[in-house]
Amino acid sequence: MLSLRDLQTQFETDLFNGDAAKCAYILKEGISAKERIAIYRNNVFSNYRKTLSTVYPVVERLVGEQFFRQTADAYIHAYPSLSGDLNEYGANFAQFLATYTPALTLPYLPDVAKLELLIELVFHDTDCNANVLEKLANVPEEQYGELVFIINPAYQLFKSNYPVATIWQVNQPSSQADDTVDLQSGGCALLVYRKDFAICIKPLTKGEYAMLRALAAGNDMNASFCKAIEVQSDLDLGSFLQQMIQERILVDVRL
Amino acid sequence: MYALVKEEVVIESSNTSSLIFSSAGIGLRALHYREILTTLPKVGWFEVHSENYFGAGGQPLYFLEQIRNHYPISLHGVGLSLGSTDILNLPHLKKLKNLIQRIEPGLVSEHLCWGSIGGRNLNDLLPLPYTEEALSNIVSHIQQTQDFLGRRILIENVSSYLQFKHSNIPEWEFLKEVSERSGCGILLDINNIYVNSINHQFDAMRFIDAIPLAAVEEIHLAGFDSNGNCLIDTHGTPVSKEVWALYEYALASFGGKPTLIEWDTDIPPLATLLREANKAQLRLEQFNVVAA
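Chains U and L are the protein sequences, given in the same order. Be aware that the first sequence starts at 32, since it is given in the working numbering, and climbs by one per residue. Be aware that the second sequence starts at 310, since it is given in the working numbering, and climbs by one per residue.
Since no wrong hints were added, every one of them can be taken at face value.
Covered stretches of chain L, going by a simulated chain U footprint (3 or more residues, C-beta under 8 Å): (1) 356 to 368; (2) 387 to 396; (3) 420 to 429; (4) 442 to 455; (5) 534 to 545.
In short, the hints are calculated from the structure, not lab data. The beta carbon of each residue, even a glycine, is placed where N, CA and C say it ideally should be.
Work out the full structure: start from the sequences and follow the hints.
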């Protein structure tokens, strides 16, 4: 008699082995043991496919349903699920797409997947209250340079060599825009954040991106601004900060 | 041991109590959040899959908390893999405990199944061989879970599409033993009993007869499909007439119990779910009247 551990190990092997499944431990009743394990294989694979297609709808739209399914199946074999929470499955999809030969003709695909994963992360990230304006009111202007801003935890910064934001935009179900994107139109730097639970994707200039990265790393205003003007000398810091406070990206501040 | 949630007469008028009484509930779905909050439909309680609220914040938790202000909530887990020979997943348990503290659910449940092996999760409710070894393994995991959470949990019988050759305990005996040895309650899924009785050729009523009355704290009803050879527990159709009949048989045995209409795929409009729940509610009221 198989020990419970051996049976569970064998079951897992058979589930992923398709026709080579042995299934000697399964009772024959009417239909064959192979057909019985195929029901579980079908359930398991369709759960994973559904999860991937929920997190990566734009990738699916770009490659089509059939190609997405084949890609998902290859991913499922390559990347075992490590969590009992199915919602955590698929975090390595971008990495996988970058090496998946049939998809190499679409070099921007991994970055589209990365953006979709960031959207998913921001959607579920921590809530927080903003009280930066009240605090700023008590700081003398000459000390502004030493201010350290706290960034809303529900945000992600993203940079790509492809026009990923445009690709994402024109592939939304609600999009009315022309769906041709000029791949030569250049890369993008993006801020992904939440506003009243809706996901916002804001294109950033080089300087704005550098500024936010520096602030997020815990640098004070002086140090962050120095990094930002290195890449963009005409950065309008005042209006950018105002916007970031308004959009509740900068949620707190300390000296 | 953990205290049973007693079925008492509701005397408090506050609708934010966590207790779930012998009424019909439905699964809470994201596409119904706003409609529920604006219409506050007449339904006893809502059940959610615990894992869908394991995130740190954002929309899902916001709406769950809003709805919790008006209704009791039941947390139904699908990912603990209690029947696995892997050790229990501590991060998963911690997330569940946090969610319990935040939502104060009336009931917390999991499944009589396994889902992971060697750290790999299959994220499905896989059947166990019904043996003494599998029994003592899952009992120990349920006890660890109850100790960690500091409360009694319910364990649900699952549907299955195969049987293991070396199973030597009937499924209903196995479930009863799990409850008696671990002190857990039972979430009796009537649809799963029916599906298994067809797939594995046994008398569904015999299953119900074997279950100790005091252990049953919740009942699930759902719809199934057939693939030609097997009934498949898809939770995507209305409850069948055979399952309603078996539910009435169970109510006659156990009395009224909180009853959930499960509908997880091809989710219909809220009104359809409420109508389906009302069919259960009417049956519950019949049996509550008879019992009183």
